[in-house]
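Student: Chains as they are written, first to last, in this note's numbering: chain A, 889 to 1230; chain B, 639 to 953.
What the hints contain is simulated information worked out from the structure, not anything from laboratory work. Treat the hints with care, since some could be wrong.
What the hints assert, rightly or not - Taking lysine-lysine pairs in the DSS-like style, the calculated list, with each CA pair at most 27 Å apart, reads:
hint : chain 1 : residue 1 : chain 2 : residue 2
1    : B       : K716      : A       : K928
2    : A       : K917      : B       : K716
3    : A       : K928      : B       : K770
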Amino acid sequence: MNMSKTFTSRLSDLNLKYLMGKLSSDGQKVKHPFWVIVEKEISDHFRSVRFMILMGIVILTCMGSLYSSLSNFSEVVKNSEDEFFFLRLFTSTDGAMPSFVVFLSFLGPLLGIGLGFDAINSEQNSGTLSRIMSQPIHRDNLINAKFLGALIVISILFFALGFLVMGFGLFFIGIPPTAEEFLRFICFTIISILYVAFWLNLAILFSVKFRQASTSALAGIGVWLFFTVFYGLIVNLIAKAKAPAQFAPPEVVIKYQVFVKNLMSIVPSQLYSDATTTLLRPSVRSLGPLTMEQMAGAIPNPIPLGQSLLLVWPQLTGLIAAAVLCFALTYHMFMRREIRSK
Amino acid sequence: MADHIIELSGLTKKYGDFVAVNKLDLKIPKGEIFGLLGPNGAGKSTTILMLLGLTEPTAGSVKVCGINSTREPVEVKKKVGYLPENLGFYDDRSGLENLVYTAKLNQMTEQEAKEKARSLLERVGLPDVHKKTGTYSRGMRQRLGLADVLIKSPEVIILDEPTLGIDPKGVQELLQLIKQLSKEDGLTVLLSSHHLHQVQKVCDRVGLFVNGKLIAEGDIASLSTQLFGREPITIEARVIEHSKSKKDVEKVISKLRHVKAVQKNEDTMLIDCTEDVTNEIAQSIITSGFGLHQLYRREYGLDDIYQRYFEKNQV
Chain A
889 MNMSKTFTSR
899 LSDLNLKYLM
909 GKLSSDGQKV
919 KHPFWVIVEK
929 EISDHFRSVR
939 FMILMGIVIL
949 TCMGSLYSSL
959 SNFSEVVKNS
969 EDEFFFLRLF
979 TSTDGAMPSF
989 VVFLSFLGPL
999 LGIGLGFDAI
1009 NSEQNSGTLS
1019 RIMSQPIHRD
1029 NLINAKFLGA
1039 LIVISILFFA
1049 LGFLVMGFGL
1059 FFIGIPPTAE
1069 EFLRFICFTI
1079 ISILYVAFWL
1089 NLAILFSVKF
1099 RQASTSALAG
1109 IGVWLFFTVF
1119 YGLIVNLIAK
1129 AKAPAQFAPP
1139 EVVIKYQVFV
1149 KNLMSIVPSQ
1159 LYSDATTTLL
1169 RPSVRSLGPL
1179 TMEQMAGAIP
1189 NPIPLGQSLL
1199 LVWPQLTGLI
1209 AAAVLCFALT
1219 YHMFMRREIR
1229 SK
Chain B
639 MADHIIELSG
649 LTKKYGDFVA
659 VNKLDLKIPK
669 GEIFGLLGPN
679 GAGKSTTILM
689 LLGLTEPTAG
699 SVKVCGINST
709 REPVEVKKKV
719 GYLPENLGFY
729 DDRSGLENLV
739 YTAKLNQMTE
749 QEAKEKARSL
759 LERVGLPDVH
769 KKTGTYSRGM
779 RQRLGLADVL
789 IKSPEVIILD
799 EPTLGIDPKG
809 VQELLQLIKQ
819 LSKEDGLTVL
829 LSSHHLHQVQ
839 KVCDRVGLFV
849 NGKLIAEGDI
859 ASLSTQLFGR
869 EPITIEARVI
879 EHSKSKKDVE
889 KVISKLRHVK
899 AVQKNEDTML
909 IDCTEDVTNE
919 IAQSIITSGF
929 GLHQLYRREY
939 GLDDIYQRYF
949 EKNQV
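Bound conformation, chain A alone (with noise of 0.2 Å):
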């Protein structure tokens, strides 16, 4: 009887209109308490002194690289291979400054950790946890709704300052994008909102690992340094040692380039920026070594969007597989969990 009983409510908690809400007796929508933490969250976070100076951060950024990529951007047009010339403000750059899709590529772990490092932690030793685990709610729906505000947030700040920088592009330069350079831009965001959600979910793991928000924060922060400074290094030297002679043959090369290309993708930053170039720029076929044979009989010209998407397809799947990773830990360690009063 107990059994069937969970069967039946774990039944109505799949049921969408449940989760979506239900009436109460006098005819008004009573949201579930999920939309609520995430309604609450969002609202948190917008009113945080923390939000405001990520988001000074990223739109500073973002005008500079505007700023540089605008200042050179004759140049570039004439340069340009492609017709492709609306995209090149996110990855052109005079030389002063790093590209959007580079200050991206570097700002989108700071403001996933900004956002999540102190998701659990905070509200342990502020003594809220205990209170909110003690309403009839369901573990997973907190950090199910930590992780959802905050990646709500950072889609309205990415949408909104690729808006920006587009509409400033257009007014600057001119050229409207074709339908597909504006599909191109809005994949390219989606794909770096999933970029932060894998640093996002890093945090909230580490939230829920470490009771002290401070430390929490610095292993995050030392786990992107660790990707975007030492990593490189290491990978290098291994290279280097493992590097065949001048004369190897082809195949050897090959091999070699593979595997260095392989350790490389463990990075998430790696995975980003590959992806990101793919998409912003269509003239890049292959992310791998290509072989002569491969080239032969190849036409110069941009690929389509779907076969960009194609090529970026692995990439793609890192990443999510990256932050599914991070989630389902953070959710074994969370979901048995006692929960102490501080």
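Starting from the structure of chain A, add chain B where the hints point.
Tutor: For chain B alone, kept in the frame of chain A given last:
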């Protein structure tokens, strides 16, 4: 059976080798105020966490309102209001906002939530609804906590150390409020504390918890009987011997009616008796020619009870 709103059987919680709660059996009927007493680290909070499904028992079962807390915590939490030991609120939000959030988590509409929150804030004596909780005093927080517990219209409320860190007047008010709520709304209340003298005023029954075990259970009178045999009253007397002291004061007092035992260290005497015979004791001390400096009936704090308990066990 159905009358028992909380049923624990063979409940055990281990942290590695450390046994926090050891084979606990406890039944609490509906409408009762039950006090869980014990020193820090006795396993009171752990028991409460298991009641709410916030931690899993190593063995045994917990049922609240007939629902298994470990299997279906959400169903239990719909019916149980819990006031944690160190409760916190979102400091940058007002008391009203904090309450409305809890109410909405319990599936109330915005309007319902606001109305109920306002009336509860009034009831617990926090009329300034827009004050940020960050500026609340400890006592105000505790009262807001009580409102937070009540907003879901629970059948059972569980209060973990509700009197901790509040001044005596605040404690008095809070306990009165709890008693009143229990009477008016027919709530079952489980509260934990390490102050016997605070909770004995409001509790119908108490359970004494030491090292994960419930060593005694019942109302205050039966508790002291259980613990001390038949010596519920202890009178302490400080006497000074004069030159004209004629008799051995100990002997005189021990012959009095209702006096069970007399213990003397230097000039202080501890007199165990079955009834309050303070008056007779005073008379006999003075007629024996001793100077009486101090005479009072000892109130047992929890410390004394433990001490007594352990003394008895060692002997």
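Student: Broken hints, numbered, in rising order?
Tutor: Result: no hint breaks.
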